[in-house]
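Undergrad: Given these sequences and hints, build the entire structure.
Top to bottom, those sequences are chains U and P.
The numbers in this note's numbering rise by one with no breaks, and the one at position 36 of the first sequence is 36.
The numbers in this note's numbering rise by one with no breaks, and the one at position 109 of the second sequence is 109.
It should be emphasised that the hints constitute simulated quantities derived from the structure, not laboratory data.
Virtual Cβ for every residue (Gly too), placed ideally from N, Cα, C.
Misleading hints may appear alongside valid ones.
Rough simulated footprint, nothing fancy, chain P against chain U, three-plus residues with beta-carbon under 8 Å [what the hints assert, rightly or not]:
(1) 61-71
(2) 76-82
(3) 167-179
(4) 196-205
Listed below are the simulated DSBU-like cross-link pairs for lysine-lysine, each with C-alpha atoms no more than 30 Å apart in a straight line [what the hints assert, rightly or not]:
(5) U:LYS211 with P:LYS140
(6) U:LYS183 with U:LYS19
(7) P:LYS140 with U:LYS216
(8) P:LYS182 with U:LYS211
(9) P:LYS140 with U:LYS215
(10) U:LYS137 with U:LYS215
(11) P:LYS236 with P:LYS182
(12) U:LYS137 with U:LYS216
(13) U:LYS51 with U:LYS137
(14) P:LYS236 with P:LYS140
(15) U:LYS211 with U:LYS137
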Amino acid sequence: MELDFGFYNWGVISGFVLKGLYFSIFLTIVATLGGVFFGTLLALMRLSGQKWLDLPAAAYVNGMRSIPLVMVILGFFLLVPFVIGRPIGAETSAIITFIAFEAAYFSEIMRAGIQSIPRGQVFAGQAMGMTYGQNMKLVILPQAFRNMLPVLLTQTIILFQDTSLVYAIGAYDLLKGFETAGKNFGRPTESYLLAAVVYFVICFSLSYVVKRLHKKIAIIR
Amino acid sequence: MANWDWQVFCKDTVDGEVVARCFGSGGSVTYLDWMLSAWGWTVSVSVCALLLALIVGSIVGVLRTLPDSPWVVRLGNAWVELFRNIPLLVQIFLWYYVVPTLIPPMRSFPPFLLVVIALGLFTSARIAEQVRAGIQALPKGQRYAGMAVGFTTAQTYRYVILPMAYRIIIPPLTSESMNIFKNSSVAFAVSIAELTQFYLQAGEETSRQMEIYIGVIFLYFISAMAINRIMAFIEKRVRVPGFVAASGGGGH
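TA: Right under this line is the structure:
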């Protein structure tokens, strides 16, 4: 069989592929920011030493981590309209699902990061008369974020790959863009192949950058 | 909130009548029968893919640590980067649609086999990474000890390095085995009759999506727990006295 990529001119790329790429990148960024924010809250709940904060957070994190992402995406998309009585768009649904799902994973990363800070730092903050909030904001979290940055970024690359799963609810992401173009021109083989190449180039370059960053941070520390 | 109707699982899939003992007999199939068969597909895909991933991942992982063979190491690294940087769903599409088009003999492969290859090779890259890390976590002296008693490289790996390396990486292998069950859900995209596919179809047919959803999630949960227990059992059985205590802190 002859491969023919000839139909991928600028019109097709800007018409089908870029629209999907924008959504994939947007979803990755929003889910990372939202996931880190709620993940940090979950991590603080788990480290608070208060049972009524720790237990629900642990249940949420472990529950999310034992369900396949596809089922979370499908469940949210199909069940929420059932509960609130009106349908929600695939894109909105994907954004909320990814923030909720990734928060569980980011919280584990944050928890490890916060625990990597020596106890002495906490005591030092307390000795200076800082409140819990000040101590977290000014002493612990800045160091924890820095220690965790490579792992956080690696998780973001995984998250970018996972965004392809919004295929399940028909949201228009990068993969969907390639698939639609392939269907319209009767060339699905070339389209899937090209999609794989594009994902590979993006993820490989990003993980290369993260590797470099990891080395740089490791030296300073 | 909707009213619960758990009888949905006892309904016949053809006429929708509730069957007395929930399991169909004489050719009729209830949704419970269907769900258990879907679970069987999930388990088969996952277990077959896990076996493939362990075999390929071990080979690639070992190749990446061979001394004095930079090109073999590079080839192993390339394998890992290739399968790690393409989303699983895209890899499944590649094996399902693209590879059979390019390699005609593969057109006769059943979809089940293609999905097992896709999921297996995807996971092999991650297992190769762990095998490499496990081997490199061992003190250099172990390798030298093997050389000192006159072992060939193959013997050193077989009798000295691998027995220790595999024990070290049991915890990450456990989470990878649990991941493979979760990842098998992506096979719904190429119409394998596994749990996620069952949820989509049965949920649509019965309009009892909540109940079906909870049933499916429950089975995924049970599968993950079972794998976790099996791996914990293996870890206990193969423990080397005195050694596991040192790596028990989980520094890897």
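Undergrad: Decide, hint by hint, whether the structure agrees.
TA: Now for the hints, and whether the structure bears them out:
no. : hint                   : result
1   : 61-71                  : holds (count 6)
2   : 76-82                  : holds (count 3)
3   : 167-179                : holds (count 3)
4   : 196-205                : holds (count 5)
5   : U:LYS211 with P:LYS140 : holds (25 Å)
6   : U:LYS183 with U:LYS19  : holds (16 Å)
7   : P:LYS140 with U:LYS216 : holds (26 Å)
8   : P:LYS182 with U:LYS211 : holds (27 Å)
9   : P:LYS140 with U:LYS215 : holds (23 Å)
10  : U:LYS137 with U:LYS215 : holds (26 Å)
11  : P:LYS236 with P:LYS182 : holds (25 Å)
12  : U:LYS137 with U:LYS216 : holds (24 Å)
13  : U:LYS51 with U:LYS137  : holds (23 Å)
14  : P:LYS236 with P:LYS140 : holds (26 Å)
15  : U:LYS211 with U:LYS137 : holds (27 Å)
The structure agrees with every numbered hint stated previously.
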